[in-house]
Amino acid sequence: AQSVTQLDSHVSVSEGTPVLLRCNYSSSYSPSLFWYVQHPNKGLQLLLKYTSAATLVKGINGFEAEFKKSETSFHLTKPSAHMSDAAEYFCVVSDSWGKLQFGAGTQVVVTP
Amino acid sequence: DAEITQSPRHKITETGRQVTLACHQTWNHNNMFWYRQDLGHGLRLIHYSYGVHDTNKGEVSDGYSVSRSNTEDLPLTLESAASSQTSVYFCASSDLGLAGENEQFFGPGTRLTVL
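Protein chains in written order, with the numbering used here: chain E, 1 to 112; chain C, 1 to 115.
The following block holds chain C by itself, in its conformation from the complex:
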């Protein structure tokens, strides 16, 4: 069955370190998204991609970067981790076509703690 996976599921790091969170989907979806979830804010969009070599900034992109070298993967990098980036991170993907109407499929999440 097609799926979307994230790794690691839990990560503890120190302030100032570079961290990369992996996202891999086997749906063959063109669109991929990264969100962070914090209490009282729902999910907020960090970065997104509509295809290979395409990346765009979302609502809360400062301190994060992504790259899309193939259809299946969209890794999220924290260049220099800060305590404010302690959060749960979700990756999602959706099909092309009528993008606004398409369901996004979510990964299980990565819980990141920055000490």
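Okay, chain E solo, but in the shape it has when bound:
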């Protein structure tokens, strides 16, 4: 069985400051991990994915995430937040058959 825990339901940051969204996972084997973003009233868009290659993964819009097996973590970061980053972010783990398990989501608010 596998599961995902997003440690913060809401994160508020000022524009231009770093963003950190925390995710811990549980999996009985080496997982594939994803971060998806959902802007208001929109579908989901892939930010980045980890599939057992490099542990530091770069995604779109300046986001990156680091896979740490010893800590079972896959935290998402961005050095400088933009107003357009306001959205909900989901950490997701996949089994080998492509079934996804979603975290509960982190709502990001960016203030001017």
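Incorrect hints may appear among the rest.
[As the list claims (entries may be wrong)] Counterexamples of contact, computed for chain E against chain C with all Cβ distances above 10 Å:
#: 1; residue: VAL13
#: 2; residue: ASN24
#: 3; residue: SER26
#: 4; residue: THR77
[As the list claims (entries may be wrong)] Each computed EDC-like pair below joins lysine to aspartate or glutamate, with the alpha-carbon atoms no more than 20 Å apart:
#: 5; chain 1: E; residue 1: LYS69; chain 2: C; residue 2: GLU101
#: 6; chain 1: C; residue 1: LYS57; chain 2: E; residue 2: GLU88
#: 7; chain 1: E; residue 1: LYS42; chain 2: C; residue 2: ASP1
#: 8; chain 1: E; residue 1: LYS49; chain 2: C; residue 2: GLU101
#: 9; chain 1: E; residue 1: LYS42; chain 2: C; residue 2: GLU103
#: 10; chain 1: E; residue 1: LYS68; chain 2: E; residue 2: ASP8
#: 11; chain 1: E; residue 1: LYS49; chain 2: C; residue 2: ASP95
#: 12; chain 1: E; residue 1: LYS42; chain 2: C; residue 2: ASP38
#: 13; chain 1: E; residue 1: LYS99; chain 2: C; residue 2: GLU101
#: 14; chain 1: E; residue 1: LYS68; chain 2: C; residue 2: GLU101
#: 15; chain 1: C; residue 1: LYS57; chain 2: C; residue 2: ASP73
#: 16; chain 1: E; residue 1: LYS58; chain 2: C; residue 2: GLU103
#: 17; chain 1: E; residue 1: LYS99; chain 2: C; residue 2: ASP38
#: 18; chain 1: E; residue 1: LYS99; chain 2: C; residue 2: ASP1
#: 19; chain 1: E; residue 1: LYS42; chain 2: C; residue 2: GLU3
#: 20; chain 1: E; residue 1: LYS99; chain 2: C; residue 2: GLU79
#: 21; chain 1: E; residue 1: LYS99; chain 2: C; residue 2: GLU72
#: 22; chain 1: E; residue 1: LYS42; chain 2: E; residue 2: GLU88
#: 23; chain 1: C; residue 1: LYS57; chain 2: C; residue 2: ASP38
#: 24; chain 1: E; residue 1: LYS99; chain 2: C; residue 2: ASP62
[Unchecked claim] DEER-style ranges, computed between Cβ atoms:
#: 25; chain 1: E; residue 1: SER70; chain 2: C; residue 2: THR77; range: 37 to 47 Å
#: 26; chain 1: E; residue 1: SER80; chain 2: C; residue 2: SER80; range: 46 to 56 Å
#: 27; chain 1: C; residue 1: HIS41; chain 2: E; residue 2: GLU64; range: 22 to 32 Å
#: 28; chain 1: E; residue 1: GLU64; chain 2: C; residue 2: ASN70; range: 34 to 44 Å
#: 29; chain 1: E; residue 1: SER84; chain 2: C; residue 2: GLU59; range: 24 to 34 Å
Just so you know, the hints here were simulated from the structure itself, not pulled from any lab data. Just so it is clear, CB atoms sit at the ideal spot from N, CA and C, and this is done for glycine as well.
Given the coordinates of chain E, assemble chain C onto it according to the supplied hints.
Structure of chain C alone, referenced to chain E:
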């Protein structure tokens, strides 16, 4: 461009009615999935299919059914709608091969209200 579409985008129905939500993808993907999104739960898997005539139950399948008669479509049916099925429904598809590593492409969602 390839895409995945859902219809209707918004639906209001009454308790006990049968409702079908459509999902159509032009990616030619083998794998298709239905999720529901509720506050505080992220997305939860309802049903999924790995190819024509293949269907499988997900985490929250009670009260829902799907059928896969071609590659492009996976309609989701609520046999007898209940207020607990008020939610936003997302369809997704992904390629065959290393399924666990493949990105899922999501439709825009259907907002269903059951009164």
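Now the hints, each set against the structure:
1. VAL13: 21 Å, holds
2. ASN24: Correct as stated: the minimum Cβ-Cβ distance to chain C is 14 Å, above 10 Å.
3. SER26: 15 Å, holds
4. THR77: 20 Å, holds
5. E:LYS69 / C:GLU101: Given pair E:LYS69, C:GLU101 holds - Cα atoms ~17 Å apart, limit 20 Å.
6. C:LYS57 / E:GLU88: 27 Å, violated
7. E:LYS42 / C:ASP1: Holds, at roughly 19 Å.
8. E:LYS49 / C:GLU101: 8 Å, holds
9. E:LYS42 / C:GLU103: Holds, because 17 Å separates the two Cα atoms, which is no more than 20 Å.
10. E:LYS68 / E:ASP8: 18 Å, holds
11. E:LYS49 / C:ASP95: 15 Å, holds
12. E:LYS42 / C:ASP38: Given pair E:LYS42, C:ASP38 holds - Cα atoms ~14 Å apart, limit 20 Å.
13. E:LYS99 / C:GLU101: Distance of about 10 Å is within 20 Å: holds.
14. E:LYS68 / C:GLU101: 18 Å, holds
15. C:LYS57 / C:ASP73: Roughly 17 Å separates the two Cα atoms, so the pair holds.
16. E:LYS58 / C:GLU103: 15 Å, holds
17. E:LYS99 / C:ASP38: This hinted pair holds, its Cα atoms lying about 18 Å apart.
18. E:LYS99 / C:ASP1: This hinted pair is violated, its Cα atoms lying about 25 Å apart.
19. E:LYS42 / C:GLU3: 14 Å, holds
20. E:LYS99 / C:GLU79: The hint is violated at about 24 Å.
21. E:LYS99 / C:GLU72: 19 Å, holds
22. E:LYS42 / E:GLU88: 10 Å, holds
23. C:LYS57 / C:ASP38: 19 Å, holds
24. E:LYS99 / C:ASP62: Holds - the C-alpha atoms of C:ASP62 and E:LYS99 are around 18 Å apart, at most 20 Å.
25. E:SER70 / C:THR77: 37 to 47 Å: 45 Å, holds
26. E:SER80 / C:SER80: 46 to 56 Å: The hint (46 to 56 Å, Cβ to Cβ) holds, given that E:SER80 and C:SER80 are roughly 51 Å apart.
27. C:HIS41 / E:GLU64: 22 to 32 Å: 27 Å, holds
28. E:GLU64 / C:ASN70: 34 to 44 Å: 39 Å, holds
29. E:SER84 / C:GLU59: 24 to 34 Å: 32 Å, holds
The structure fails hints 6, 18 and 20 (numbered hints given earlier, in ascending order).
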